[in-house]
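Going line by line, the protein sequences match chains X and F. For the first sequence, full-length UniProt numbering begins at 1 and goes up steadily by one. For the second sequence, full-length UniProt numbering begins at 1 and goes up steadily by one.
Any given hint could turn out to be false.
Taking lysine to any residue pairs in the SDA-like style, the calculated list, with each CA pair at most 20 Å apart, reads [unchecked claim]:
hint, chain 1, residue 1, chain 2, residue 2
1, F, Lys370, X, Ala165
2, F, Lys370, X, Asp190
3, F, Lys268, F, Val281
4, F, Lys364, F, Gln391
5, F, Lys365, X, Thr191
6, X, Lys58, F, Lys364
7, X, Lys175, F, Glu388
8, F, Lys365, X, Lys58
9, F, Lys365, F, Asn230
Hints are computed from structural coordinates only; laboratory data are not their basis. In this text, all values refer to a predicted model and were calculated from it rather than measured experimentally.
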Amino acid sequence: MVGPNVTLTPLSRADGSASYQCPSTGSNILGSVNAPVELPGRRDALKPEEATVEVFVKPGTAPAGVGERYVEGIIKTMISRLILGREKGYPRRGVVITLAIVGGQPARRGDSYLTLLPALLNTSLLALLSASVPMSMTFSATSLAVTSTGDILREPTAEVANSAASVHVLAFSSKGHLLLNESQGAFDLDTWDNVRERALAICRGTASFGSDGDVTMTVDVDGQPLEGAIREAVEDQVHRDYAWSIDAV
Amino acid sequence: MAPAAAAASPAAQPTPPSLSLPPSQFARLQPHAYLLAHLSPPAASNHPSIRANGRAPSQFRVTSANTGSLTHTNGSAVVRVGETAAVCGVRAELLHTEDIASWSVTQPSAGSANKRRKLVDPTLKASETVGDSSEDTYDEDESHIEDLNLLVPNLSLSTGCAPGFIPGAPPSALAQSLSQQILSLLHSTRLVRADDLRIWYQPPNLGPEDLERHNESEQMDVDADEGEKNREIKAFWVLYIDVMIISLAGNPFDAAWASVLAALRDTKLPRAWWDIDNETVVCSDAVSDARKLTLRGMPVASSFCVFEADAAAGWRAVILPDAEEERKIAEDNRKGAQRRWILADPDGYEEGLSQERACIVVDKKGGNGKTVIVKMEKNGGWAIDSRELRQLVDISSQRWDHVRQILEQC
C-alpha cells in the first residue's frame, strides 16, 4: 500500500501548515495552525488556565454545515486532550486549526464524515507539529470498512463505505493508547476486536504482535505503518530546514 | 495600592463562624475534589463508593416517556432522563415527485423498482428483512431517504434549557452536532423504511386481458408483476423531526435519541393516494385509515464519561505510561492519581469534570436477543479501551431492556 503524500509547511503566513493526501480515498486536506493567538473575549472560553482549541473544517465546494460542526467537535475533543495547553504562553490563548478539504469527494448532507476523518486528524497533527505546538504524544488515525461478508477494507472510499456493513475510524497514540473510536453500522464486539487489531497494525506496525502467519501477511498488505510515514515526513522536513546547520559542521 | 489593601482587610477580618462548609458550597468551590471524595471514601468510614448524585457508577437516571402529547403533530414524545427533558415532534409533509427536479432523470424504469420492492415484503419481521435481504434492497429502498432528504431532524437547545444557552440565540455548535448525530444515526440504522414514506399510484388496467387482476395492490404475487409495471411513485412523505431540549442537565444525546425513537414509534401517517382527476395527492381524514410506521429495530443510546482522580493527567506528559504497561495495572490495583471511574449517564456536574466520553448505541435483533452494536464512539482520552468497551456494551444492552420496557408502556 502506498503511504500518504505529505507536505509540511506549504503555507508561509500561517504558524504551521501541512497538506495531506490519502492515496486510497483520494481526499486531499490542507491544514493550517495558528498558535498561540489571542482570541477575542469569549463566553465559551471558560478555562483560564488552559489554551482554547478551535477547529474549523471547510468543505471544498459548499459552506460548512452541521456535518462539519460535528466533525470539528470530534477533532477538537481529541486534540485538546493532547495539546499541553498549560505550557508557557498558552493559557488564555487559542490554538486555531483550520482544515480545508481541497480534493476528493465532498461529503453530502447526513453523511457520517467517517471516511474523511482520518485524513483530517492526520493533517491536523502534521500542522500542529509544523507549528511546534507542545503535545503530550502524537497519534495516527485510519479508517476501516467491514463488508457484509466480513472482509476488512482499509481506508474505504465513500461508495465502499456506503455499501459496507460498518465503518470504523480509530486513532492510536504514539504510546499505543486507543485515543478515538468512531464506529457506525451494525457489528458485534468480535468484529470490532479484529478491526482494532488491523487498525493497530496499520497505524503502528506489528511490533507488538507475535509471529502469527496471518498477521505478517497483513503487514505486507499494509506496508509501512502510518505513524512511521508521518514521522519520516517530519524528519525529512527538519533535515531540509536545518541543512545549513548540518552542512556547516 | 493603599485603598485596595484597606478594602481587603475588613473583608478578611471577620472570620467565618465555623470552618466547615455546607456540601453544596464545597461542590461549587472544589467540584473535582467533591466528586472524588464521594467516589473514593476513606476506607475507615465504611461508605460505599457512590457518585455525588447518589447513583452507583453504572446506574442510569430514572427515565420516563410519554407519547402523543402534541396534538398538532403526526407523532410526538416527551422523554425525561433525570433532569434532562426532551420533547420531540414528528410532522409529515408531502413532497410531490414532480417537484423533485432530478426525479424523471434519476428514476430507473418502474419494472425494476417493483421487483426490488417485493423483497421488502411487509409481512416479514423487521429482523428478517434487515438480516436477509438488506444487501439486495439497500439501493432501491434506502437511497430515497438519503438522496431526497426525507428525514429532517433538528435539535434546538436555545430554549433556556441551561444557563449557558441563551434563549433565541442561533444554534450552538453542540446543537448542530447533535442534529447531525441524530440524522446520521437515522441513516445508518435505516430505522425508517423508505417504503412507508412512498405514495404509489396504480393506473387502472384498461387492457382486456387484465380484467382478472383488479385486486388491491397489497396482494402482490408473481402473476401480478406485469400489472405492477405501471405503478409509479407520485409523492413522498417528508418527516420533520424536531427535538426541543427543554431542560438540560447533562447527556442530551440519550434523551434526544430516545425522544426521536418514541416519537417515530408513535407516528401515524394518514392514508394518501393520487387523485387522477385533480392531479394531486389526497389524504384521508379517517383516523382508522392512518397507519403507523414500521420501524427497523429499536436502537437505544447509552452515554458514559470517565472521571479521573488526577485532574492534571492530561497535560503532565512525563507520567503518561505506555498503553501496554497501563493495561497490566488491573482496575482494582489502581491507586491514588491513577484511579478512574466510568460513569454511566453523566449529569451536567459530572460532564463538566470529565473529558473522555463514550456513546454506545445497541439494538437486539431476532428471537435470541443478540446484541448488535449500531454505533460506538469514544473520544477525548485513553482510559477506555477494548476491555472497558466490552463492559460498556454489556451495560448498554441491559439498558436496552430497560428502555424497551419504558417505550413499550408509553
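We went through each hint and held it up to the structure:
no.: 1; hint: Lys370/F to Ala165/X; verdict: holds (17 Å)
no.: 2; hint: Lys370/F to Asp190/X; verdict: holds (13 Å)
no.: 3; hint: Lys268/F to Val281/F; verdict: holds (17 Å)
no.: 4; hint: Lys364/F to Gln391/F; verdict: holds (17 Å)
no.: 5; hint: Lys365/F to Thr191/X; verdict: holds (17 Å)
no.: 6; hint: Lys58/X to Lys364/F; verdict: violated (38 Å)
no.: 7; hint: Lys175/X to Glu388/F; verdict: holds (18 Å)
no.: 8; hint: Lys365/F to Lys58/X; verdict: violated (39 Å)
no.: 9; hint: Lys365/F to Asn230/F; verdict: violated (36 Å)
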